[in-house]
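Undergrad: As a plain string of letters, each chain reads:
Protein chains: 2
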Amino acid sequence: MTKATEEKFMALLKEEASYGEAIGLMAWDMRTKAPKKGMDNRSEVLGVLAQKVHEIQTSDEMKSYIDELKGNTQDPVIQKSLQEAEETYNKTAKIPTSEYRAYVTLQSKAESMWGEAKENNDFESFRPYLEKLVEYNRKFADYWGYENHRYDALLNNYEPGMTVEILDQVFPKVRKALTNLLEAIKNAPNQPDPSVLEGHFPKEQQEKFSYEILERMGYDFEAGRLDETVHPFAIGLNHNDVRVTTKYDERDFRTAVFGTIHEGGHALYEQNIDPKLSFTPLATGTSMGIHESQSLFWENFISRSEAFWENHYQLFQSYAPDKFNDISLDEFYRAINEVKPSLIRIEADELTYCLHIMVRYELEKALIGGEIEVKDLPELWNSKMEDYLGVKPSNDSEGVLQDIHWSGGDFGYFPSYALGYMYAAQFENKMREDLDIESIIRQGDFEQIKKWLTNHIHQYGKMKKPLEILNEVTGEGLNADYLINYLTNKYKNIYQY
Amino acid sequence: MTKATEEKFMALLKEEASYGEAIGLMAWDMRTKAPKKGMDNRSEVLGVLAQKVHEIQTSDEMKSYIDELKGNTQDPVIQKSLQEAEETYNKTAKIPTSEYRAYVTLQSKAESMWGEAKENNDFESFRPYLEKLVEYNRKFADYWGYENHRYDALLNNYEPGMTVEILDQVFPKVRKALTNLLEAIKNAPNQPDPSVLEGHFPKEQQEKFSYEILERMGYDFEAGRLDETVHPFAIGLNHNDVRVTTKYDERDFRTAVFGTIHEGGHALYEQNIDPKLSFTPLATGTSMGIHESQSLFWENFISRSEAFWENHYQLFQSYAPDKFNDISLDEFYRAINEVKPSLIRIEADELTYCLHIMVRYELEKALIGGEIEVKDLPELWNSKMEDYLGVKPSNDSEGVLQDIHWSGGDFGYFPSYALGYMYAAQFENKMREDLDIESIIRQGDFEQIKKWLTNHIHQYGKMKKPLEILNEVTGEGLNADYLINYLTNKYKNIYQY
Numbered sequence: 014m015t016k017a018t019e020e021k022f023m024a025l026l027k028e029e030a031s032y033g034e035a036i037g038l039m040a041w042d043m044r045t046k047a048p049k050k051g052m053d054n055r056s057e058v059l060g061v062l063a064q065k066v067h068e069i070q071t072s073d074e075m076k077s078y079i080d081e082l083k084g085n086t087q088d089p090v091i092q093k094s095l096q097e098a099e100e101t102y103n104k105t106a107k108i109p110t111s112e113y114r115a116y117v118t119l120q121s122k123a124e125s126m127w128g129e130a131k132e133n134n135d136f137e138s139f140r141p142y143l144e145k146l147v148e149y150n151r152k153f154a155d156y157w158g159y160e161n162h163r164y165d166a167l168l169n170n171y172e173p174g175m176t177v178e179i180l181d182q183v184f185p186k187v188r189k190a191l192t193n194l195l196e197a198i199k200n201a202p203n204q205p206d207p208s209v210l211e212g213h214f215p216k217e218q219q220e221k222f223s224y225e226i227l228e229r230m231g232y233d234f235e236a237g238r239l240d241e242t243v244h245p246f247a248i249g250l251n252h253n254d255v256r257v258t259t260k261y262d263e264r265d266f267r268t269a270v271f272g273t274i275h276e277g278g279h280a281l282y283e284q285n286i287d288p289k290l291s292f293t294p295l296a297t298g299t300s301m302g303i304h305e306s307q308s309l310f311w312e313n314f315i316s317r318s319e320a321f322w323e324n325h326y327q328l329f330q331s332y333a334p335d336k337f338n339d340i341s342l343d344e345f346y347r348a349i350n351e352v353k354p355s356l357i358r359i360e361a362d363e364l365t366y367c368l369h370i371m372v373r374y375e376l377e378k379a380l381i382g383g384e385i386e387v388k389d390l391p392e393l394w395n396s397k398m399e400d401y402l403g404v405k406p407s408n409d410s411e412g413v414l415q416d417i418h419w420s421g422g423d424f425g426y427f428p429s430y431a432l433g434y435m436y437a438a439q440f441e442n443k444m445r446e447d448l449d450i451e452s453i454i455r456q457g458d459f460e461q462i463k464k465w466l467t468n469h470i471h472q473y474g475k476m477k478k479p480l481e482i483l484n485e486v487t488g489e490g491l492n493a494d495y496l497i498n499y500l501t502n503k504y505k506n507i508y509q510y
Numbered sequence: 014m015t016k017a018t019e020e021k022f023m024a025l026l027k028e029e030a031s032y033g034e035a036i037g038l039m040a041w042d043m044r045t046k047a048p049k050k051g052m053d054n055r056s057e058v059l060g061v062l063a064q065k066v067h068e069i070q071t072s073d074e075m076k077s078y079i080d081e082l083k084g085n086t087q088d089p090v091i092q093k094s095l096q097e098a099e100e101t102y103n104k105t106a107k108i109p110t111s112e113y114r115a116y117v118t119l120q121s122k123a124e125s126m127w128g129e130a131k132e133n134n135d136f137e138s139f140r141p142y143l144e145k146l147v148e149y150n151r152k153f154a155d156y157w158g159y160e161n162h163r164y165d166a167l168l169n170n171y172e173p174g175m176t177v178e179i180l181d182q183v184f185p186k187v188r189k190a191l192t193n194l195l196e197a198i199k200n201a202p203n204q205p206d207p208s209v210l211e212g213h214f215p216k217e218q219q220e221k222f223s224y225e226i227l228e229r230m231g232y233d234f235e236a237g238r239l240d241e242t243v244h245p246f247a248i249g250l251n252h253n254d255v256r257v258t259t260k261y262d263e264r265d266f267r268t269a270v271f272g273t274i275h276e277g278g279h280a281l282y283e284q285n286i287d288p289k290l291s292f293t294p295l296a297t298g299t300s301m302g303i304h305e306s307q308s309l310f311w312e313n314f315i316s317r318s319e320a321f322w323e324n325h326y327q328l329f330q331s332y333a334p335d336k337f338n339d340i341s342l343d344e345f346y347r348a349i350n351e352v353k354p355s356l357i358r359i360e361a362d363e364l365t366y367c368l369h370i371m372v373r374y375e376l377e378k379a380l381i382g383g384e385i386e387v388k389d390l391p392e393l394w395n396s397k398m399e400d401y402l403g404v405k406p407s408n409d410s411e412g413v414l415q416d417i418h419w420s421g422g423d424f425g426y427f428p429s430y431a432l433g434y435m436y437a438a439q440f441e442n443k444m445r446e447d448l449d450i451e452s453i454i455r456q457g458d459f460e461q462i463k464k465w466l467t468n469h470i471h472q473y474g475k476m477k478k479p480l481e482i483l484n485e486v487t488g489e490g491l492n493a494d495y496l497i498n499y500l501t502n503k504y505k506n507i508y509q510y
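Just so you know, the sequences run in chain order A and B. Just so we're aligned, residue 14 is where the first sequence starts under the numbering used here, counting upward by one. Just so we're aligned, residue 14 is where the second sequence starts under the numbering used here, counting upward by one.
Same shape as in the complex, but just chain A:
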């Protein structure tokens, strides 16, 4: 009896995952290849399939399998799949259908209003939408429930197990360390010269280098591909079809080089998930934070390291404009690691990035907690930017309106980025005990690193929760010290303060 139910449950999950792959392909297509006139039609098709997924997740059929199988199955994949299915069921079932529909409509409207507001630097036109989005998210958090802070319920969507309590212990410490570092760097005697990186770098050459680096990272091109897009992303349709996208800026090669490696890190995660998890909700990265730890590990700990460029600068030069023949490895390495507080998160360097996240975390936590209101955001944003980064937006487009996240109701997402940095540093510290990372990087054969990441992290997909992985791999919980030490050593060496 249970056996038959297990099969029916897995068949239903397969149906859900199949829609998921179709939706994923359509999304990839819309952001890379699809002709623009077909977008309206495509959006409707996406809507139909998303609705189907939602129906399955909240169906009586799903509920009956969960009830029947819970505690009655031995297979660990089915057990974990049940757990995921139940969490999704409960989360969705707690929201009244009429509210859910109204919210979906609001999301898409708000996103397009945000686009206009950003373009016109007009926060007021977006404010009523953002207010409604906040209101819904407060309500949803209350439906879902939480122990200490309402914001925990939202955090949980992106980083299961993470809480305000943990973040409030860690983030202020990071903030303090980073602002101190920033101060030291500002007054340091040995400033890098980023102008050495300027110059026209043809797209075709950047593309070739991107392919070469992805190959070296161990990205499997027979199970993926690289395409161009406006806002780069990686997407796993299934573990054998994980696509990377990148953007080529002919005036600044860093966009493509570090962007490709970043997305390549995400892609390696998805490519190396255990195939036995296919067609279950477990066949993807376990959380936003752990995912980001993989992309940032490759982007920062590997590809912004001195060892990496000792090995790869020559290769880079072979694709780069001739001027780079006259730029020394040291000049190059220091230039790509320049620290410079700026207004825009996605352009931030490795050090100041987390400070951007702190600003957002504090604001959205207070917003969801009801301590502040949407109307207070622009001013608070600007003053926090000044406090933490020493820069102040001259308008809301380069301030509170810069990110798309809130317009889609994605509150609780931002902390994942900072968590990714910390996790990456924690993993790297642990990896150091098993591998001589620098010498591996210098040799340019990343196989051992890829294997380590697969063994410790990738293969599990969602079989383990993020903090479970962190604890099992590093023997401790969230700890910012590793990131702080890493950044301190790195920048001391570069800036020689």
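Hints listed in this document are in silico derivations from the structure and should not be mistaken for laboratory results. Watch out, some of these pointers could steer you wrong.
Any copy will do: because identical chains look the same in the list, a pair fits if it lies in one copy or spans two.
Simulated crosslink set (DSSO-like; lysine-lysine; CA at most 30 angstroms straight-line) [what the hints assert, rightly or not]:
id	residue 1	residue 2
1	Lys83	Lys27
2	Lys65	Lys49
3	Lys76	Lys65
4	Lys49	Lys289
5	Lys152	Lys131
6	Lys260	Lys46
7	Lys221	Lys49
8	Lys388	Lys189
9	Lys464	Lys46
10	Lys477	Lys464
11	Lys503	Lys353
12	Lys505	Lys107
13	Lys46	Lys27
14	Lys21	Lys107
We have chain A already, so just place chain B on it with the hints.
TA: Same frame as chain A, now just chain B:
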């Protein structure tokens, strides 16, 4: 009451069409971009979605809407959609579910067995599969019913309204005319010299020319795109997303040039279907034959015409290798129109192509009718090829095994190709009354031609049946005289016999 049912009916059709668009995109992706390792997973996803479409088409819900709305709705789009839905429902409902499933499994197995058999030139290994496919198709035809010939029931799947009776009046006449023409040509004094077309033509240049020609045809690149593939096709995901694929052979530009124009003809049809048919089963070409008439009209009547090259040869030369500067327009025009009986259908010229179809038509008609059996096919194939084309396969790979169609159970499909030629000639003859085609082609602005085709054919999608369109546009039924006249005049001029 009816209003509400109409809405529910249209919503169900929209769901079906949405799966259709997702399936279409996945198919396009698999044939152009998808990494090979992801294929297995993708096939399963396709299976899930195809099953969903099948479930909708045969659902009690669908049946109830058909019963309730039939004769009770004023909206012509709903009326025609009902008719389509009913035909599909009946067709599918008449096949017992267990047989349908077994057949689907057989199809996919047979297709892969065919691939191996073709590669190994081993008809015997494929024979048992083909026998089962024939058996199923005979049974299905009996389930579906027919008036005169069992084969009519299968023809109807691809060319509604077409019958053995009509084909048997027309095809022999065509065959006789073409074999006579072929004889005359063989002995004609003025043979073209195809060697003038030889030489290395870089892919990038062929690609640029392909884009340019599609633009000129009026293909809308904002509602489509051009990609490379192994077996070229065009696919309409929706009327604003109709994609063309082509193949570049650097040793023979004709593959890409005429292939792109051919697929472009299909694409123009799909791009110009009335948008009000979107998300219904009517939003596609009305039949295989009419679709083929559009691709062949552009490929043959336009792009293999003297007028076309009078205008476009200079453009062609600007992309082509330098050697073409020394080849006269006349030499070029005659060379691209060389007639040469060959063994392989897809490589056939404009004149002999229909003879390849006759061979297949006669064999599958007899096969479905039970007059011959699968074991008789290789020998019959070879002797008919010799009779009609004067060439004889030296093995089954270049004979009876060459086409994929039968391995997928597609009996009744082949005649559409020959019908496409005849329809195209009939349409062209009619168009001539309204437009000065040669002078339009010479001017190179095809807008009027595109408009004529849209007004008379494209816009209707499946609102009209193929023979309905043929009759309304030309005032008569299938008539091979126009094709025969066109070919006779064309080749008399070229070969001067």
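Undergrad: Could you run down the list of hints and mark each one as holding or not?
TA: Outcome of the hint check:
1. Only within a single protomer do Lys83 and Lys27 lie at most 30 angstroms apart by alpha-carbon distance; the minimum there is 19 angstroms, versus 36 angstroms between protomers.
2. Both within a single protomer and between protomers do Lys65 and Lys49 lie at most 30 angstroms apart by alpha-carbon distance, with minima of 25 angstroms and 28 angstroms respectively.
3. For a Cα distance limit of 30 angstroms, the shortest separation of Lys76 from Lys65 qualifies both inside one copy, at 16 angstroms, and across copies, at 21 angstroms.
4. Proximity of Lys49 and Lys289 under a CA criterion of 30 angstroms is satisfied inter-copy only: 19 angstroms between copies versus 37 angstroms inside one chain copy.
5. For the homomeric pair Lys152 and Lys131, the shortest alpha-carbon distance inside one copy (27 angstroms) is at most 30 angstroms, but the shortest distance between copies (64 angstroms) is not.
6. Both within a single protomer and between protomers do Lys260 and Lys46 lie at most 30 angstroms apart by alpha-carbon distance, with minima of 14 angstroms and 19 angstroms respectively.
7. Taking identical chains as interchangeable, the C-alpha atoms of Lys221 and Lys49 lie at most 30 angstroms apart whether they share a chain (27 angstroms) or sit on different chains (21 angstroms).
8. Taking the shortest alpha-carbon separations for Lys388 and Lys189, only the intra-copy value of 28 angstroms comes in at or below 30 angstroms, while the best inter-copy value is 84 angstroms.
9. For the homomeric pair Lys464 and Lys46, the shortest alpha-carbon distance between copies (28 angstroms) is at most 30 angstroms, but the shortest distance inside one copy (33 angstroms) is not.
10. Taking CA atoms no more than 30 angstroms apart as the test, Lys477 paired with Lys464 passes inside one copy only; the shortest distance there is 18 angstroms, against 60 angstroms between copies.
11. When the C-alpha separation of Lys503 and Lys353 is checked against a cutoff of 30 angstroms, the pair qualifies only within one copy, where the shortest distance is 15 angstroms, while the shortest distance between copies is 73 angstroms.
12. Neither within a single protomer nor between protomers do Lys505 and Lys107 lie at most 30 angstroms apart by alpha-carbon distance, with minima of 51 angstroms and 78 angstroms respectively.
13. Taking CA atoms no more than 30 angstroms apart as the test, Lys46 paired with Lys27 passes in both settings, with 27 angstroms inside one copy and 24 angstroms between copies.
14. Proximity of Lys21 to Lys107 under the C-alpha cut-off of 30 angstroms is found in both arrangements, the shortest distances being 25 angstroms within a copy and 28 angstroms between copies.
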